[in-house]
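Same order as they appear, the protein sequences are chains A and B.
Following my numbering, the numbering of the first sequence begins with 1 at its first residue and continues without gaps.
Following my numbering, the numbering of the second sequence begins with 1 at its first residue and continues without gaps.
No lab work stands behind these hints: they were computed from the structure.
As the list makes no split between identical chains, a pair holds if one copy fits it or if it spans any two.
Taking lysine-lysine and the BS3-like style, the derived pairs with C-alpha atoms no more than 30 Å apart in a straight line are: (1) LYS165 with LYS5; (2) LYS127 with LYS5; (3) LYS519 with LYS119; (4) LYS127 with LYS521; (5) LYS5 with LYS119; (6) LYS5 with LYS425; (7) LYS119 with LYS521; (8) LYS278 with LYS391; (9) LYS311 with LYS278; (10) LYS165 with LYS519; (11) LYS127 with LYS536; (12) LYS127 with LYS519; (13) LYS425 with LYS127.
Protein chains: 2
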Amino acid sequence: MRQSKLLLNTLRESPGDAETASHQLLLRAGLIRQLAAGIYTYMPLGRRVLRKAEQIVREEMDRAGALELLMPALQPAELWQESGRYEVYGPELMRLSDRHGREFALGPTHEEVITTLVKQEINSYRKLPVTLYQIQTKYRDERRPRFGLLRGREFLMKDAYSFDKDFEGLDRSYWEMYHAYHRIFERCGMNFRAVEADAGAIGGEGGTHEFMALAEIGEDTIAACTCCDYAANLEKAESGSSSKFIIGTGTGNLEKPEKFHTPNIKTIDQLVASLGVKTTEILKTIVFVADGTLVAVVIRGDQEINELKVKNFLGAEMIEIADPADVQAWTGVPVGFVGPHGLNLPILLDHTAAGMEQGIAGANELDYHYRHLVPARDMKQAKIGDFRTVKEGDPCPRCEEGTLKYYRGIEVGHVFKLGTKYSAKLGATYLDASGQAQSMIMGCYGIGVSRILSAVIEQNHDDNGIIWPLALAPYQVHLIPVSHNDETQMQLAMNLYRLLQEKGIEVLLDDRDERAGVKFKDADLIGLPARIVIGKDAGQGWVEFAERRTPGIKTTIPVEEVLERIRMNLGLALFP
Amino acid sequence: MRQSKLLLNTLRESPGDAETASHQLLLRAGLIRQLAAGIYTYMPLGRRVLRKAEQIVREEMDRAGALELLMPALQPAELWQESGRYEVYGPELMRLSDRHGREFALGPTHEEVITTLVKQEINSYRKLPVTLYQIQTKYRDERRPRFGLLRGREFLMKDAYSFDKDFEGLDRSYWEMYHAYHRIFERCGMNFRAVEADAGAIGGEGGTHEFMALAEIGEDTIAACTCCDYAANLEKAESGSSSKFIIGTGTGNLEKPEKFHTPNIKTIDQLVASLGVKTTEILKTIVFVADGTLVAVVIRGDQEINELKVKNFLGAEMIEIADPADVQAWTGVPVGFVGPHGLNLPILLDHTAAGMEQGIAGANELDYHYRHLVPARDMKQAKIGDFRTVKEGDPCPRCEEGTLKYYRGIEVGHVFKLGTKYSAKLGATYLDASGQAQSMIMGCYGIGVSRILSAVIEQNHDDNGIIWPLALAPYQVHLIPVSHNDETQMQLAMNLYRLLQEKGIEVLLDDRDERAGVKFKDADLIGLPARIVIGKDAGQGWVEFAERRTPGIKTTIPVEEVLERIRMNLGLALFP
Numbered sequence: 001m002r003q004s005k006l007l008l009n010t011l012r013e014s015p016g017d018a019e020t021a022s023h024q025l026l027l028r029a030g031l032i033r034q035l036a037a038g039i040y041t042y043m044p045l046g047r048r049v050l051r052k053a054e055q056i057v058r059e060e061m062d063r064a065g066a067l068e069l070l071m072p073a074l075q076p077a078e079l080w081q082e083s084g085r086y087e088v089y090g091p092e093l094m095r096l097s098d099r100h101g102r103e104f105a106l107g108p109t110h111e112e113v114i115t116t117l118v119k120q121e122i123n124s125y126r127k128l129p130v131t132l133y134q135i136q137t138k139y140r141d142e143r144r145p146r147f148g149l150l151r152g153r154e155f156l157m158k159d160a161y162s163f164d165k166d167f168e169g170l171d172r173s174y175w176e177m178y179h180a181y182h183r184i185f186e187r188c189g190m191n192f193r194a195v196e197a198d199a200g201a202i203g204g205e206g207g208t209h210e211f212m213a214l215a216e217i218g219e220d221t222i223a224a225c226t227c228c229d230y231a232a233n234l235e236k237a238e239s240g241s242s243s244k245f246i247i248g249t250g251t252g253n254l255e256k257p258e259k260f261h262t263p264n265i266k267t268i269d270q271l272v273a274s275l276g277v278k279t280t281e282i283l284k285t286i287v288f289v290a291d292g293t294l295v296a297v298v299i300r301g302d303q304e305i306n307e308l309k310v311k312n313f314l315g316a317e318m319i320e321i322a323d324p325a326d327v328q329a330w331t332g333v334p335v336g337f338v339g340p341h342g343l344n345l346p347i348l349l350d351h352t353a354a355g356m357e358q359g360i361a362g363a364n365e366l367d368y369h370y371r372h373l374v375p376a377r378d379m380k381q382a383k384i385g386d387f388r389t390v391k392e393g394d395p396c397p398r399c400e401e402g403t404l405k406y407y408r409g410i411e412v413g414h415v416f417k418l419g420t421k422y423s424a425k426l427g428a429t430y431l432d433a434s435g436q437a438q439s440m441i442m443g444c445y446g447i448g449v450s451r452i453l454s455a456v457i458e459q460n461h462d463d464n465g466i467i468w469p470l471a472l473a474p475y476q477v478h479l480i481p482v483s484h485n486d487e488t489q490m491q492l493a494m495n496l497y498r499l500l501q502e503k504g505i506e507v508l509l510d511d512r513d514e515r516a517g518v519k520f521k522d523a524d525l526i527g528l529p530a531r532i533v534i535g536k537d538a539g540q541g542w543v544e545f546a547e548r549r550t551p552g553i554k555t556t557i558p559v560e561e562v563l564e565r566i567r568m569n570l571g572l573a574l575f576p
Numbered sequence: 001m002r003q004s005k006l007l008l009n010t011l012r013e014s015p016g017d018a019e020t021a022s023h024q025l026l027l028r029a030g031l032i033r034q035l036a037a038g039i040y041t042y043m044p045l046g047r048r049v050l051r052k053a054e055q056i057v058r059e060e061m062d063r064a065g066a067l068e069l070l071m072p073a074l075q076p077a078e079l080w081q082e083s084g085r086y087e088v089y090g091p092e093l094m095r096l097s098d099r100h101g102r103e104f105a106l107g108p109t110h111e112e113v114i115t116t117l118v119k120q121e122i123n124s125y126r127k128l129p130v131t132l133y134q135i136q137t138k139y140r141d142e143r144r145p146r147f148g149l150l151r152g153r154e155f156l157m158k159d160a161y162s163f164d165k166d167f168e169g170l171d172r173s174y175w176e177m178y179h180a181y182h183r184i185f186e187r188c189g190m191n192f193r194a195v196e197a198d199a200g201a202i203g204g205e206g207g208t209h210e211f212m213a214l215a216e217i218g219e220d221t222i223a224a225c226t227c228c229d230y231a232a233n234l235e236k237a238e239s240g241s242s243s244k245f246i247i248g249t250g251t252g253n254l255e256k257p258e259k260f261h262t263p264n265i266k267t268i269d270q271l272v273a274s275l276g277v278k279t280t281e282i283l284k285t286i287v288f289v290a291d292g293t294l295v296a297v298v299i300r301g302d303q304e305i306n307e308l309k310v311k312n313f314l315g316a317e318m319i320e321i322a323d324p325a326d327v328q329a330w331t332g333v334p335v336g337f338v339g340p341h342g343l344n345l346p347i348l349l350d351h352t353a354a355g356m357e358q359g360i361a362g363a364n365e366l367d368y369h370y371r372h373l374v375p376a377r378d379m380k381q382a383k384i385g386d387f388r389t390v391k392e393g394d395p396c397p398r399c400e401e402g403t404l405k406y407y408r409g410i411e412v413g414h415v416f417k418l419g420t421k422y423s424a425k426l427g428a429t430y431l432d433a434s435g436q437a438q439s440m441i442m443g444c445y446g447i448g449v450s451r452i453l454s455a456v457i458e459q460n461h462d463d464n465g466i467i468w469p470l471a472l473a474p475y476q477v478h479l480i481p482v483s484h485n486d487e488t489q490m491q492l493a494m495n496l497y498r499l500l501q502e503k504g505i506e507v508l509l510d511d512r513d514e515r516a517g518v519k520f521k522d523a524d525l526i527g528l529p530a531r532i533v534i535g536k537d538a539g540q541g542w543v544e545f546a547e548r549r550t551p552g553i554k555t556t557i558p559v560e561e562v563l564e565r566i567r568m569n570l571g572l573a574l575f576p
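Build the full structure now, drawing on both the sequences and the hints.
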């Protein structure tokens, strides 16, 4: 491609509202342009990258035995009403009416459509399992679109859905997709982790993994092992230490709980300051409302309670910290003085608290605390479990050697066991070998195809621009004659241009009448993997070869070696 | 691909609401399924065909130098208000509001978006010309969706837009697209004509061609030459005879106009019946309202007036047949007795009327007509022109030998000179060489990619099913072992399956445990170009080879010849 024909306008400055490196570079390198908040046009260069990502996804889905189809974006509202999501989904679901007043949703996802389709097409266990996928434009009316392609309102997704006759089958389908996702993100040159995650709003039973591209700007925190491949969302992460806390046993030698006066001392910080104790000597008690019922959770004073773990332990639908007034009304105790000893609420005791020999806690009486509270002796009615948020440095729950470390991640993929959530509601059944109708067992699997671009740029750039991994680069080689007016240079450039194209290499030829500095700056910004500069040594048949990922290293080579350099350094197979 | 894994359900019966062969076969062969009126899911087999059509379009667009981008479907309403189309487009434009109440349109076309984009990206003549295209989902809320993919509400289109600095450039861009369209539809194996057409609602200046797939079910009538490649929409078509009518000159010998009594004789049929004359002896006069002004059009009694030609001749925005009451109010004459002689209206005289030696016409007086009206003598104030609709058998306006014939056509593509319609309204200007701001000169070019499937099936089927052209066939070869339980057959089938795949052939293996009759019926329906049946001679190494387009011809060949047959008969290049 000749750069003069590419409708490629680079920007020296970042538009003001672009906060992240990837958003800035997508705009500056002329890959996308904004049409409205969260709605973008892919310019020719960006379209090429997007198509490459699409193609990698498609190839790996096909390899995994999934079948490609294409479902409509316009979805009848009745389907969403049937599944119960029409109201639940809220304002993120874009809605419209047709000329006859029939309501439609612009699909953010396709569980309803695919389940209805498969219900019509499959009736026997003989036709199961099947995994179907599409690469299709999705719509979500984000409250606050941001970060360019990361949180857009119109975006490209690959969504896949598996249908099995039993949960063993779902396991197989799930892991098939899981491994395909590994291949996809590896091929995209992405630094990612497959992260254990919570089911979330999409609902369903069983396991789920999020594929997270590691990046500072990520909106999710991940706890991952420094040694093995254990990784989980912070809210889901477990720690090797949690269950290793041994419940104190030496109760015989310990004093009885002693109530003491602590006027106006309501917080852990105040306790620490006034008593001169450590936070690890305090039993922290927080009261939650879970599905309308109060419950107290007790944890060691230096730890944080993980609401999700409490919610899952209780099997609750909804959980939140209780309103202080409600706590006082129910227990008769002001919040700052609630404690596990003598409280008339169910108590959940985190392992960290259960493992304390003794501790200080509220005495369930205004301006009083207890000391010498022994969990093993004084909180026998409590249920013990893992209710804490892991911390960096915690031992890994999987391996012996590693410790947990926090990372920030961008969710680029998601695999999810749905079970019968949709098949039961929408009546997608099959007849089993004995002729009985059974609900199909489903899984769903998403990849944010347009998101891949942002995530990869976020991980692959420097101060001067993008550093494209070969597999996603819009072109593989940038050919830059230094002077547009130098006939020798232009002749050599054209010869090389034709030669590389004949060998099947995707070449961008900077044939613009621009100063060398402008060309080099643009080339850095666009970030093609290899650059060949044809300059003053062109007459002697020498050119300069450089790779974008190692900007400091430039070698002058005879033009005859160009192909071999590209083959060796980029690892490209050439046409014969 | 193994057919047992393809989620392919054929239907023996056509669904009741499918009126056309292509709609029926798309459903019966399991290529598409309806989700809502005019909204379809492409099943795996249909998705493959759609992708092949996409790829042909993409390759030819790229070859023509057009750049691919991808614009959003969600378009801010303000852009449509700016172009003036938000109201004009009417209920076919699907509209919605986002969570903040901002209005959007779901794009049926992208003139507004692309013009705004190019306005931002291009400011100098140096960056022109450029042609941009996308392959993208479009939305149009058809009042009456029908014929499957032919008139849908969500469909796949290729739309391209050219930007030039002058009309000569537009000509070049236009014909580049015109020729690319020829290549595309030829590669799709389509029988089509490029048809001269009228500008229509999309508006603009200059030429336009519709690419019409010839098919009985087409909604448009085309007049095309039997010899040369002249073809035009019926409303636009000209005839070689139109301008060849010589205005009668022998006025000296003819009698003066004679008024005669014709009580209650208001129509041509009544004149013919009561006077015993031919329709060709009558001057038919119809009064139109063009932009609020009355005008009379006179044509020979056996001909039909073409409103579009009248409209274009007058340069009018709106035209319709005048209300009889208005005619009487304005001229004082009841409609059945209006005639060209002595009428106080402007008169347009069609060549067929101008060429008559003499004729009969209304006398502009109740119950009276004239005879011996001589156009060359009595209608000197009239403007002569081509105001008639061509008829079959008319001489071709282009070549000497041919005559016109009517065809029905399905519009599959459209190339259109827009001129400055959008660039002027949306302010898309460039600076010319002298630094003056000029409006860009635009063209737009559409192809109904999903429509191609319907058109091609409409042209390529028989009573038993589809007959895919090789370029669009979902698979190229259908491999059918007759008996699923015969190990020899299955072994040979598997060997051939692997061999053909290794050679780069797209094979569908019917590995289902079905009766042979079912397999053959399905194979006919699906319509892959070549079929290899592995039957009772499998043990001797013989198979049956047949092509779908010649169902009567089946040859038994040694298995060693299979590759050569495929290579020769289908014209496929094989991998080494």
